[in-house]
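**Student:** Those protein sequence lines, which keep their order, are chains A and B.
The first sequence runs 1334 to 1637 under the numbering used here.
The second sequence runs 5 to 246 under the numbering used here.
Quick caveat, the hints were computed from the structure, so don't treat them as lab data.
It should be emphasised that the depicted structure is a prediction, and the values quoted were computed from it without experimental measurement.
In this text, a Cβ means the ideal position worked out from N, Cα and C, and glycines have one as well.
Don't take each hint at face value.
What the hints assert, rightly or not - Just some of the chain A residues that point at chain B, by a computed CB distance under 8 Å: (1) Leu1419; (2) Leu1425; (3) Val1428; (4) Glu1432; (5) Ser1439; (6) Leu1442.
Said to hold, decoys possible - Pulled from the structure, derived: some chain B residues nowhere near chain A, Cβ distances all over 10 Å: (7) Leu24; (8) Asn45; (9) Leu175; (10) Ile180; (11) Arg240.
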Amino acid sequence: MTGVAAGAAVTLTGIRKYYGEVRAVDGVDLVIAPGEVVALLGPNGAGKSTTVDMMLGLTRPDQGSVTIFGNTPGEAVADGRIGAMLQGGALLDDVTVGEIVAMIASLHLRPLPVSEALKRAGIEELANRRCNKLSGGQKQRVRFAVALVSDPDLLVLDEPTAAMDVQTRREFWQSMREYTVTGRTVLFATHYLEEAEDYADRVVFLRKGTVVADGSVAEVTALTAGRTIKAVIPEVIPELLRALPGVSEVDIRADRVAISSKESDHTLRALLASFPDARDIEVTAIGLEDAFLSLTDDTEGNNR
Amino acid sequence: MSTGYLILEVRRAMRSTRFLIFTIAMPVALFLLYVGIFAKNDGVAKGVLMVNMTCYGALTAALFAGGRVAIERGLGWQRQLRLTPLSGAGYLTAKGVTAMALALPGVLLVPLVAVVGEGVHLDAAGWLRVTLGVWLAVIPFAVLGLLLGQVGTAESMQSITGIVIMVMSLLGGIFIPIDGMPGGLLAVSKLLPSYWLGQVGRGAVTTDLSVSLGQAVLVLAVWTAVLGLAVVRRYRRDSARV
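Model the full assembly from the supplied sequences, consistent with the hints where possible.
**Tutor:** Now the structure itself:
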């Protein structure tokens, strides 16, 4: 491998996948360095699952290439370097949790001991339970143990916390964190923006099969409108307000103003200099959710 | 693939009550029933029934194992396995080996009951032919099971396997011994691999209507090759679809 992709955990180069007229993935470039924890975000139908399938070698891209640690996905899978938790991944009804993990372990070259995989997934006490007698959240953790048992360097999780309640979800991410501190690479697709905010080093937004934003949570949120300053200013002069540094948008209702600013610190200082009577000042960050809505909005022209 | 994996596969299948009833309990029960009705004092007839019920249990078990391929595909389990070093060919091989392992209990149990319960006696070569011979002769059925598993769905599998077992047993001279078959039916019977499976064991108990072991083995080998090719072709088509 050459260039930026050298030593990368994942390199996607211009991958495309069309299903008839539907452009499920329409030219995605992505390089993930070893040790990164990346969240893949996007509305339904944005191409998350198809992208994940191509990374795992379950689907072949129509165009472009996928390399995992410098190899094809198939080679990385055969070498046990990728572990994956698929959306609604299958569990067998006629085996116990311990057996299903042991089955997968027996196929890998250098598996973890089954008990260790169960421990890391936090389901040691379920080892002798039949897979058809598990709750939705427990099933997800079994899938996590199945993904972990090959002791992979790259973990790919498609909607890992779907069907989990709040408590289970927190425990799940706790186990994840124990895994990532060992320097493993993780890519997870999720609907829960707070999970991306809390656990990812980097977020990648997909929309209609293309990457619309890629960076740290702070960088991605900065792509949108920065911060909002709200204040009460008696006898406000709209022209003066619009002339303040960094202001992108102003909304005035009677003496209440809302200012969108890319550089809220500068704006606020100038605001206080120009309007010393300003009170009830509030500065709020644009959250990932606002960024998500604005970046993934399907109506044209909203894509900043 | 590892032996650990195969053991777990076999252990899974053994948990199925349906499997235990149809491939182990039923052949033994039918053997005792038929002997009671048709062959109380007829040593040769007892031997033929023993061979036929051994074949019935073995082919049912072999087909049953292959049928699980369809169910696992429906579940998405094959997708999960594609994230392991197990290749698609390895998966099919494992299922085939599992099918053969599952055919073993019936192959041993029916002759055992015949000896202990009904006093059937054969020489060592005869016993080898009825047990090991029948067991090996069931290979094409294991391959047929894989093929059915590749084309069927989880929902249709039970009826597909049921129909195939019925056709094989009724027309292939397993449920209706070839001794009692009219000529026309016997000709049809020879078109089925189950007829030749039965012949592998039959030669050990009677020379009446028996073909040579070599001929039976040859026909079964052709069946195995043809079905094996079909499985490989289907597998190539399936994996080209990604």
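**Student:** A separate judgement is required for each hint: does it hold in the structure or not?
**Tutor:** Evaluation of the provided hints:
no.: 1; hint: Leu1419; in the structure: holds, 6 Å
no.: 2; hint: Leu1425; in the structure: holds, 6 Å
no.: 3; hint: Val1428; in the structure: holds, 6 Å
no.: 4; hint: Glu1432; in the structure: holds, 6 Å
no.: 5; hint: Ser1439; in the structure: holds, 4 Å
no.: 6; hint: Leu1442; in the structure: holds, 6 Å
no.: 7; hint: Leu24; in the structure: holds, 13 Å
no.: 8; hint: Asn45; in the structure: holds, 44 Å
no.: 9; hint: Leu175; in the structure: holds, 32 Å
no.: 10; hint: Ile180; in the structure: holds, 35 Å
no.: 11; hint: Arg240; in the structure: holds, 15 Å
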